[in-house]
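What follows is each chain in one-letter form.
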Amino acid sequence: MTALPRDVADALQSVTHTQRALAYLQVDGEHRLIGAGGNLDNYGLGAVQLGGQAIDQAVFLEGLLPLPETPFLLPSIELAGGRAADLHFYAHDDSIWVVLLDVTAERDQARRIQQKAYEMTLLQEKERLLNRRLEAANAALRTTQLELEASREALARVHQRVQAELAEAAGYVRSLLPPPMSEPFAVDWRFVPSTELGGDAFGYTWIDRDHFALYLLDVCGHGVGPSLMSIAVLDVLRAGSIRDVDFRDPRQVLGALNERYQMRTDHDLFFTLWYGVYRPASRQLDYGCAGHPPAILMDVDTRSVQLLKVKGTPIGLAPGISYARGTVAVPANSRLYLFSDGAYEIECPDGTTMKLEETVDFLRQPAADDASDLDRLFEHLMQRHGGVRLDDDFSIVRCSF
Amino acid sequence: MAVAQPALQKKICMLGGFSVGKTSLVKRFVSSVFSEAYLTTVGVKIDKKTVDLDDRAVNLILWDVAGEDDVSTVKMSYLRGSAGYVLVADGTRLSTLEVALSLRGRVEAELGPLPFVLLLNKSDLKDEWAIDDAKMEELRQTGWSVRASSAKSGEGVEDAFRELAVRVTAKQ
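Those sequence lines, one after another, are chains A and B.
Residue numbers -17 to 383, in the numbering used here, belong to the letters of the first sequence in order.
Residue numbers 534 to 705, in the numbering used here, belong to the letters of the second sequence in order.
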C-alpha cells in the first residue's frame, strides 16, 4: 500500500487535531502515566500528572489495563464535562497509547434520532398496552352486561310470578265479597285492587232479622301479607264468631278484634275498620270507628252530609283499648258510603294529594247522567291521579236506605 | 485500632433495555436527583461515586451503557474489566425483563459469572406494574439478588449499589 505523501498526512493530522480535539495518554507496563498531550482540557484531563497511576487520573481506564489486544476502540464515551470521545488504544514500544477523538457532535446527532425512535416505540408500546386493557375492559363489560341481562330476566320472571300471585290473591278477596243486594234496601260496591294489592276488604250481613251489620277494613301495607290478614278478619266478621261478643254492638266487636289481632304477634300488621249496625225498624245506625276514615251519610233530597266517625285507634296497636259507639238516625232516601283512604288519598301529577273533602263534595253533586256515582267517583280519581292504575285499593260500599 | 485500607476502584456497568431508567438510577445514586424528562443515552456515560463500607471506601466507576433495542445490541467491549453490573428492567414493561435476562446470558457467556443485581425499576408506578410477586419470587429462587427500585422515590437504589459494592470487593 502506498503511504500518504508527507504533506497530505500532516494536513490530515492537523484537521484531526483541530476538529476532533485530539488528545492522548501514554501508559507504561506498570500502568503509570508516562506521556500526555493534545486537547486534554476538552476531556477534563488537563490536570493529569506524569508518573502517577493512570487509572487514578483517567478513571475510564479502570479495568481496561492491560489490554489483551490492540488496536482497540471504545466508541462514544461521555467523560466528565459532557464531551463524548472515541477512545482508541494502540500498543507501541511497551506502552499503551490512548488516543481521544471528540465525537460530541456525532453523539448529539445520533441521540436526536435515537430519541425520536425510542419515543415513538414507547408510544406504540403504550398504545398496545392501552388497547389490551381496553379489550379486557370491554370483555369484562360484556360479561357484566350478560350477567345483568340474566339478572333482569330472572327479576322479570319473579316479578311476573309475584304479579300472578297478587292477582290470584285479589281474585280470592273478591270472591269473598258479598254480592250487591236490592231488598229491603239496596247495597252496591266497587272494589279495584291496586297493582301491589292493598289490604282492603268489606262485607255486610244480617246478624238477625232486625240488625244488619256492614263494615270495611284496611290492613296497613301492600302485598300478600296484608291481603291474607284482611281475609282472616273478614272471615271472623262474616261468621260473627268471637266468643262472648255481641256483634250488634260495635264497641264489643272493635274491642274483641283489637285483643285478637295485636301487631306484635301478627307480623307488625295492624288495620283500620269502620263497623256499623243498622236497625231498619227504627232507622237507627250504631257505628264504631277504629282509626278509619269516616263514613258519609247523605240525605239525597237535600244533599246534606254527615261524617260518621268516633274516636278509636287502629286495631292491633296496643291491647286493652276501649272503643266508642256513635248512633245516628238515618233519614228516608239517604245514602251511606263506606270507603277506605284509597277513595280520596290520591297522589296527583302536580305532587299534591287529594283530600277527603273533595270526595265528599264529589258525592254530593247530583248525577248528570245515569252512570253510577261509584263509577263516576272512580273515573274522577283516575283523572286526578293521571295514571293507569291507582296506587292503593279503591273500595267503596254504598247503602241506599 | 483498625487501620483504614486504601480506597479500591471498581468498574460497574449499568445494563438493560432502553428507557428502563438506568441513567436515572445513576443520577439518583450519584447526585440524589430525579428528572421526569427522558434523555436517551448514546454510547456510554461514565460517573463516579464513592461508597463507604465498614472497613474501606470503594470508588465505583459507573458505566451507564446505552440501552438495548430491536436494532442495536449492547457492545460487549464496553464491559471489559467490569467487576460487576446492575441489570435493570422496567417493572411496567414486561418485555424489558426478557431483554435483561437475555443480556445476563450474553454477559455470562462473554465474561463469566460476575456479581450483579437485578432491579425492577419504576416501582412508584404501582397502577401500571406488570411483574407479579410470583415472577419476582421465581427469579429470587435462582439465587439472584432481585429488588424493586424507583429512581423517582429512591426506593432500593442505595441498597442495591451498596450490596454490589460489598460483593465486588468481597475477595480483596
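Mixed in with the good hints there might be a few duds.
Said to hold, decoys possible - Straight line, CA to CA, 27 Å or less: simulated DSSO-like cross-link-like pairs of lysine-lysine:
no. : chain 1 : residue 1 : chain 2 : residue 2
1   : A       : 98        : B       : 685
2   : B       : 582       : A       : 108
3   : B       : 685       : B       : 668
4   : B       : 668       : A       : 98
5   : B       : 608       : B       : 582
6   : A       : 108       : B       : 685
7   : A       : 108       : B       : 560
8   : B       : 685       : B       : 581
9   : B       : 608       : B       : 581
10  : A       : 337       : A       : 291
11  : B       : 581       : A       : 108
12  : B       : 659       : B       : 685
13  : B       : 608       : B       : 560
14  : B       : 659       : B       : 560
15  : B       : 582       : A       : 98
16  : A       : 293       : A       : 337
17  : B       : 582       : B       : 668
18  : B       : 685       : B       : 560
19  : A       : 98        : A       : 108
20  : B       : 582       : B       : 560
21  : B       : 581       : B       : 560
Unchecked claim - Which stretches of chain B does chain A cover? Using the computed rule of at least three CB atoms under 8 Å from a CB of chain A, they are:
no. : stretch
22  : 611 to 618
23  : 685 to 699
No wet-lab data here; the hints were simulated from the structure.
Note that the structure is a prediction, hence the values are computed from the model and not measured.
Beta carbons: idealized from backbone N, C-alpha and C, even for Gly.
Hint by hint, here is what the structure shows:
1. A/98 with B/685: holds (23 Å)
2. B/582 with A/108: violated (34 Å)
3. B/685 with B/668: Satisfied, since the Cα-Cα distance of roughly 23 Å is no more than 27 Å.
4. B/668 with A/98: violated (32 Å)
5. B/608 with B/582: holds (24 Å)
6. A/108 with B/685: holds (20 Å)
7. A/108 with B/560: holds (25 Å)
8. B/685 with B/581: holds (20 Å)
9. B/608 with B/581: holds (21 Å)
10. A/337 with A/291: holds (16 Å)
11. B/581 with A/108: Not OK: residue 581 of chain B and residue 108 of chain A at ~34 Å, beyond 27 Å, violated.
12. B/659 with B/685: OK: residue 659 of chain B and residue 685 of chain B at ~13 Å, within 27 Å.
13. B/608 with B/560: holds (22 Å)
14. B/659 with B/560: Judged against 27 Å, a Cα distance of about 22 Å means the pair holds.
15. B/582 with A/98: Distance of about 31 Å is beyond 27 Å: violated.
16. A/293 with A/337: holds (20 Å)
17. B/582 with B/668: violated (32 Å)
18. B/685 with B/560: It holds: about 10 Å lies between the C-alpha atoms, which stays within 27 Å.
19. A/98 with A/108: Status holds; Cα separation ~15 Å.
20. B/582 with B/560: Between residue 582 of chain B and residue 560 of chain B the Cα gap is close to 10 Å, so the pair holds against 27 Å.
21. B/581 with B/560: holds (11 Å)
22. 611 to 618: holds (count 5)
23. 685 to 699: violated (count 0)
Checked against the numbered hints listed earlier, the structure breaks hints 2, 4, 11, 15, 17 and 23; every other hint is satisfied.
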